[in-house]
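**Student:** All chains should be modelled from the sequences, with the hints used to inform the complete structure.
Number of protein chains: 2
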Amino acid sequence: MKYKAIKLVKRPDIHITPDVFETVTLETAPLEDGQLLLKQTHMSLDPAMKGWMSADTGSYIPPVALGDVMRSSGVAEVVESKNEKFPVGTRVSGLIGWTEYAVSNGQGLHKLPPEIPAEAVLCVLALPGLTAYQGLVEIGKPKAGETLVVSGAAGSVGSMVGQIAKAEGLHVIGTAGTDDKCRWLEDELGFDKAINYRSEDLAKQLRGATPDGVDIYFENTGGPVQHIVFGRMNAHGRIIVCGMIADYNTDKPSPGPNWLNIIRKRLTIQGFTMPDHWDKVPAMTAKLSAYFMAGKLKYRAHKLQGLESAIEGINLLFTGGNTGKLMVVL
Amino acid sequence: MKYKAIKLVKRPDIHITPDVFETVTLETAPLEDGQLLLKQTHMSLDPAMKGWMSADTGSYIPPVALGDVMRSSGVAEVVESKNEKFPVGTRVSGLIGWTEYAVSNGQGLHKLPPEIPAEAVLCVLALPGLTAYQGLVEIGKPKAGETLVVSGAAGSVGSMVGQIAKAEGLHVIGTAGTDDKCRWLEDELGFDKAINYRSEDLAKQLRGATPDGVDIYFENTGGPVQHIVFGRMNAHGRIIVCGMIADYNTDKPSPGPNWLNIIRKRLTIQGFTMPDHWDKVPAMTAKLSAYFMAGKLKYRAHKLQGLESAIEGINLLFTGGNTGKLMVVL
Numbered sequence: 455m456k457y458k459a460i461k462l463v464k465r466p467d468i469h470i471t472p473d474v475f476e477t478v479t480l481e482t483a484p485l486e487d488g489q490l491l492l493k494q495t496h497m498s499l500d501p502a503m504k505g506w507m508s509a510d511t512g513s514y515i516p517p518v519a520l521g522d523v524m525r526s527s528g529v530a531e532v533v534e535s536k537n538e539k540f541p542v543g544t545r546v547s548g549l550i551g552w553t554e555y556a557v558s559n560g561q562g563l564h565k566l567p568p569e570i571p572a573e574a575v576l577c578v579l580a581l582p583g584l585t586a587y588q589g590l591v592e593i594g595k596p597k598a599g600e601t602l603v604v605s606g607a608a609g610s611v612g613s614m615v616g617q618i619a620k621a622e623g624l625h626v627i628g629t630a631g632t633d634d635k636c637r638w639l640e641d642e643l644g645f646d647k648a649i650n651y652r653s654e655d656l657a658k659q660l661r662g663a664t665p666d667g668v669d670i671y672f673e674n675t676g677g678p679v680q681h682i683v684f685g686r687m688n689a690h691g692r693i694i695v696c697g698m699i700a701d702y703n704t705d706k707p708s709p710g711p712n713w714l715n716i717i718r719k720r721l722t723i724q725g726f727t728m729p730d731h732w733d734k735v736p737a738m739t740a741k742l743s744a745y746f747m748a749g750k751l752k753y754r755a756h757k758l759q760g761l762e763s764a765i766e767g768i769n770l771l772f773t774g775g776n777t778g779k780l781m782v783v784l
Numbered sequence: 455m456k457y458k459a460i461k462l463v464k465r466p467d468i469h470i471t472p473d474v475f476e477t478v479t480l481e482t483a484p485l486e487d488g489q490l491l492l493k494q495t496h497m498s499l500d501p502a503m504k505g506w507m508s509a510d511t512g513s514y515i516p517p518v519a520l521g522d523v524m525r526s527s528g529v530a531e532v533v534e535s536k537n538e539k540f541p542v543g544t545r546v547s548g549l550i551g552w553t554e555y556a557v558s559n560g561q562g563l564h565k566l567p568p569e570i571p572a573e574a575v576l577c578v579l580a581l582p583g584l585t586a587y588q589g590l591v592e593i594g595k596p597k598a599g600e601t602l603v604v605s606g607a608a609g610s611v612g613s614m615v616g617q618i619a620k621a622e623g624l625h626v627i628g629t630a631g632t633d634d635k636c637r638w639l640e641d642e643l644g645f646d647k648a649i650n651y652r653s654e655d656l657a658k659q660l661r662g663a664t665p666d667g668v669d670i671y672f673e674n675t676g677g678p679v680q681h682i683v684f685g686r687m688n689a690h691g692r693i694i695v696c697g698m699i700a701d702y703n704t705d706k707p708s709p710g711p712n713w714l715n716i717i718r719k720r721l722t723i724q725g726f727t728m729p730d731h732w733d734k735v736p737a738m739t740a741k742l743s744a745y746f747m748a749g750k751l752k753y754r755a756h757k758l759q760g761l762e763s764a765i766e767g768i769n770l771l772f773t774g775g776n777t778g779k780l781m782v783v784l
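In order, the protein sequences belong to chains G and V.
Residues 455 to 784 in the numbering used here are what the first sequence lists, from first letter to last.
Residues 455 to 784 in the numbering used here are what the second sequence lists, from first letter to last.
These are calculated hints, taken from the structure and not from any lab test.
Note that this is a predicted model, so its numbers are computed, not measured.
There may be inaccurate statements among the hints.
Intra- or inter-copy, both count: the list cannot distinguish identical chains.
[To be verified] In silico DMTMM-like cross-links for lysine to aspartate or glutamate, where the CA-CA straight-line distance does not exceed 25 Å:
| no. | residue 1 | residue 2 |
| --- | --- | --- |
| 1 | K565 | D634 |
| 2 | K536 | D634 |
| 3 | K658 | D705 |
| 4 | K706 | E654 |
| 5 | K493 | E762 |
| 6 | K741 | E531 |
| 7 | K658 | E640 |
| 8 | K757 | D487 |
| 9 | K597 | D522 |
| 10 | K539 | E476 |
| 11 | K461 | D473 |
| 12 | K750 | E569 |
**Tutor:** Rendered as structure tokens:
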């Protein structure tokens, strides 16, 4: 059977341009014992992909080799199987890539509970939810009553961070790039306050929203929010560094804050990426599923249609043009 | 009995000038039950004092109130006692202050083993050794074979950090401000490499000394060493932020490094100050005493003579003019 896939054929410069990809038509070979054929239905687009496409920068995961199908996580259905653990009709998630179909031996695939829709899987149970949970709960060790600020709060990770924090009893402030996103955070997701980081009086608004200082800062963006919140950290505050999207598309990363406050306030700043913590995925998935079933984790999906929509669409992540978790419906 | 003490009467501006102090003559009252009279023999001068003298900056310990005797740790002998736990002749350490004599009820005083000389107490067992041990061992969690860089390596804390790290089997690189200090670190203290941070080819020297990258960075200074070492951190590296002496005497703290590398290398950056960890002092003192008795912790004391020498002498800490742990012999 013939199907389309998209290969990475060039490393991106500062921006991701269409010429770094090549759409190819591939054909499936007959399955061997133990193999299964996946038909992907939903393909996730995430900011981390920029790093995966770049030449080896000593990052946490090797770059995608030139000529390989571009890496991504997604939801798929088993449509043929010579593997009894994955009968036809099984729904799975995993690193399936930019492709309509894929052959797998089952390794790295997670079976999905039937009651959770595919969109929710990518928004809640896949990378965004896992990343939010690992960072906020495992590293940040939040305590009810503490104040959390999350930057990029309307993003796929940030929106989960804020909702998990609310479920844990924290006072939650988020920053986002449009007033519409801020209204969504406050009205739909229950954030205590959402602030447009493009506001002229950003510092004043952040001060006003955190009268008792900040105990946990969950960093997704970098930029001015970082510097302002850093100066408002309370003693023994925790800063979880998950993303620096403001600096992914620049060759001149902006300076960070001076370290004096790290001593004065005995701060802990910790960077992390999910691939270091795959062993915890089953336990975290159970927690996230429970939150989701209890109605505590809402999401907004931004759906593109068709495999090739990913080529231009991925840039929405870096312009802030997406309204919700970006994904491609196949 | 009359004695001299030095009070803090003004907050310092950028630099510590003599007019912030006032030397006064005080007189001891007869001791009450439970009290004891201390004659201080050795008084420690430490960089942290700059923070203690400044208006409340939300630091870890309240500032010294104007009109109070300046705060410092020191070694003293009990010369009169109405407290049976501290008979006359007992040697103690504690926060005694800038004074020749002090009355105490015993609280916060540590009895000293007779076999350790007073200078060694201030260099090894007091703040410098405790700070080095808490930061390096408890926070940094060093493993034999790892590479450590310590800035301000010839300082009172840095020299202990490097020696404890050598005793724990690490590869140890230090930076200091003069060639003489570097020779002392390599020849006397057994550092694998010491680098003068004023060298024009500082970055090249640091790269050459850390071919396998850096696992632990113990930060005492800030400045260019911070930026270079930050870029050489290995995956899961730990940065312990203990001091930023380059920025204590400036009103324009220099920017820190961009945070992207915190994610790429999943770094942990942690600030700390000893007063959060007083409960561990007895256990740490035992460890440090054992290292000292085994000849593994050497020190160099820079001794000033007489109480009032502290007034000008404290600035040696900020010019790097001291050659060893700065103290006043009374």
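**Student:** Determine for every hint whether it applies to the structure shown.
**Tutor:** Hints and how they fare:
no. : hint        : result
1   : K565 x D634 : neither (35 Å within a copy, 65 Å between copies)
2   : K536 x D634 : neither (48 Å within a copy, 72 Å between copies)
3   : K658 x D705 : between (30 Å within a copy, 23 Å between copies)
4   : K706 x E654 : both (24 Å within a copy, 24 Å between copies)
5   : K493 x E762 : within (16 Å within a copy, 82 Å between copies)
6   : K741 x E531 : within (24 Å within a copy, 60 Å between copies)
7   : K658 x E640 : within (19 Å within a copy, 51 Å between copies)
8   : K757 x D487 : neither (35 Å within a copy, 79 Å between copies)
9   : K597 x D522 : neither (44 Å within a copy, 38 Å between copies)
10  : K539 x E476 : neither (34 Å within a copy, 82 Å between copies)
11  : K461 x D473 : within (11 Å within a copy, 71 Å between copies)
12  : K750 x E569 : within (16 Å within a copy, 63 Å between copies)
Violation of the numbered hints given earlier is confined to hints 1, 2, 8, 9, 10; the remaining hints are satisfied by the structure.
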